[in-house]
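Novice: Okay, here's what each chain looks like letter by letter:
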Amino acid sequence: DAKTTQPNSMESNEEEPVHLPCNHSTISGTDYIHWYRQLPSQGPEYVIHGLTSNVNNRMASLAIAEDRKSSTLILHRATLRDAAVYYCILTSNTGKLIFGQGTTLQVKP
Amino acid sequence: DAGVIQSPRHEVTEMGQEVTLRCKPISGHNSLFWYRQTMMRGLELLIYFNNNVPIDDSGMPEDRFSAKMPNASFSTLKIQPSEPRDSAVYFCASSFQSSGADTQYFGPGTRLTVL
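Protein chains in written order, with this note's numbering: chain P, 1 to 109; chain A, 110 to 224.
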C-alpha cells in the first residue's frame, strides 16, 4: 500500500481557513485519496475522498495536485469542533485503510 | 440508521480470561473491518470480511485472536486468553463494498482493559 506523509501537528485560529497537506509521491493510478478525522474519544469519521479532480462537500474541500503526488484538505472556516487528528489515506482496490500518524489540528478560539 | 453498533463499550477483564467483542454493521453493507488503536501503534487493521467471508487477516496479531462473521448482521472478535498488552480500543467499521472508492463508517469502539 502506498504511503502518505503529513505534518505531525498544525494550529489554526477559529473562523479561519485551514489547509492540511499530504504527500503521496508513490500513489498509483487507481489509488483513491481519502481523508478521515478522529475527534477525541471517538471513532474515525469520513471527511472526503477523491481520485483526480478536486472535490467539495459540506465538511471540506479536497484539492488534488495535477500529478496526484500531493493533496490538500481545506476546512473553509475552522471551528473548535474541528480539533481532531486528520488522516490522509490512499486506498487501493481492496478498500483497506492503512492509518499513519495523521496531523493533529489544534484550533484556537 | 443507527450506524455501526459495538458492544460492550467498555470491558475490564483479568489476564487469561476470554474476551468477546461484538459488532453490528450498517444494514446493507457488505464489508466489515476490525481495527485496534493503541498509543504506541496507532490504528491498525486486524481483519476484514466481504460478504461474511474473511478476506485478509494478516493484521491479526497472533493465534489468540479470532474473528467470525456468521451472518451479514453480526461479527465477533475473540481474544483467548487475553493479556495486558491486548489493552486497546477496538473499532469495527463497515462499508457498502471494499473498493477504493467506498467510505467506511466506524462504530464508537470498545475500550478493553486487561489487568
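Check each hint, because a few of them may be wrong.
On the chain P side, residues computed to face chain A include the following (Cβ under 10 Å) [said to hold, decoys possible]:
{"#": "1", "residue": "Tyr36"}
{"#": "2", "residue": "Gly43"}
{"#": "3", "residue": "Glu45"}
{"#": "4", "residue": "Leu51"}
{"#": "5", "residue": "Asn54"}
{"#": "6", "residue": "Asn56"}
{"#": "7", "residue": "Asp67"}
{"#": "8", "residue": "Ser70"}
{"#": "9", "residue": "Tyr87"}
{"#": "10", "residue": "Asn93"}
{"#": "11", "residue": "Thr94"}
{"#": "12", "residue": "Lys96"}
{"#": "13", "residue": "Phe99"}
{"#": "14", "residue": "Gly100"}
Which chain P residues face chain A? A few, computed with CB under 7 Å, are given here [what the hints assert, rightly or not]:
{"#": "15", "residue": "Pro44"}
{"#": "16", "residue": "Tyr46"}
{"#": "17", "residue": "Thr91"}
For the record, the hints were derived by calculation from the structure and aren't laboratory data. Note that the structure is predicted; figures quoted are calculated from it, not measured. Ideal Cβ positions, reconstructed from N, Cα and C, are used throughout, including at glycine.
Novice: Now, for every hint given, state plainly whether the structure supports it.
Specialist: Here's how the hints hold up against the structure:
Given the 10 Å rule on beta carbons, the hint for tyrosine 36 (chain P) holds: about 8 Å separates it from the nearest Cβ of chain A. The interface hint given for glycine 43 (chain P) is met, as the beta carbon of that residue sits about 3 Å from the closest beta carbon of chain A, less than 10 Å. Interface restraint check: glutamate 45 (chain P) against chain A, minimum CB-CB distance 7 Å, threshold 10 Å, status holds. With a least beta-carbon distance of about 8 Å to chain A, the hint placing leucine 51 (chain P) at the interface is held under the 10 Å criterion.
Restraint check, asparagine 54 (chain P) versus chain A: the minimum CB separation of about 16 Å is more than 10 Å; hint violated. Checking asparagine 56 (chain P) against chain A: minimum C-beta separation of about 16 Å lies over 10 Å; hint violated. For the restraint placing aspartate 67 (chain P) at the interface with chain A, the shortest Cβ-Cβ distance is roughly 19 Å, beyond the 10 Å limit, so the hint is violated. Checking serine 70 (chain P) against chain A: minimum C-beta separation of about 18 Å lies over 10 Å; hint violated.
This hint holds: tyrosine 87 (chain P) has a C-beta 8 Å from the nearest C-beta of chain A, less than the 10 Å allowed. The interface hint given for asparagine 93 (chain P) holds, since its Cβ lies 5 Å from the closest Cβ of chain A, which is under the 10 Å cut-off. Of the supplied interface hints, the one on threonine 94 (chain P) holds, with its beta-carbon coming within about 6 Å of a beta-carbon of chain A, less than 10 Å. Checking lysine 96 (chain P) against chain A by beta carbon gives a least distance of about 6 Å; that is within 10 Å, so the hint holds.
Taking 10 Å as the C-beta contact cut-off toward chain A, the hint placing phenylalanine 99 (chain P) at the interface holds, the least distance being around 4 Å. Hint status for glycine 100 (chain P): holds, given a least beta-carbon distance of 7 Å to chain A, under 10 Å. The beta carbon of proline 44 (chain P) comes within 5 Å of a beta carbon in chain A, closer than 7 Å, and the hint placing it at the interface holds. A distance limit of 7 Å between C-beta atoms decides the matter here; for tyrosine 46 (chain P) the minimum to chain A is near 5 Å, and the interface restraint holds.
Among the interface hints, the one on threonine 91 (chain P) holds; its C-beta lies about 4 Å from the nearest C-beta in chain A, closer than the 7 Å criterion.
Consistency note: the structure conflicts with the earlier hints numbered 5, 6, 7, 8.
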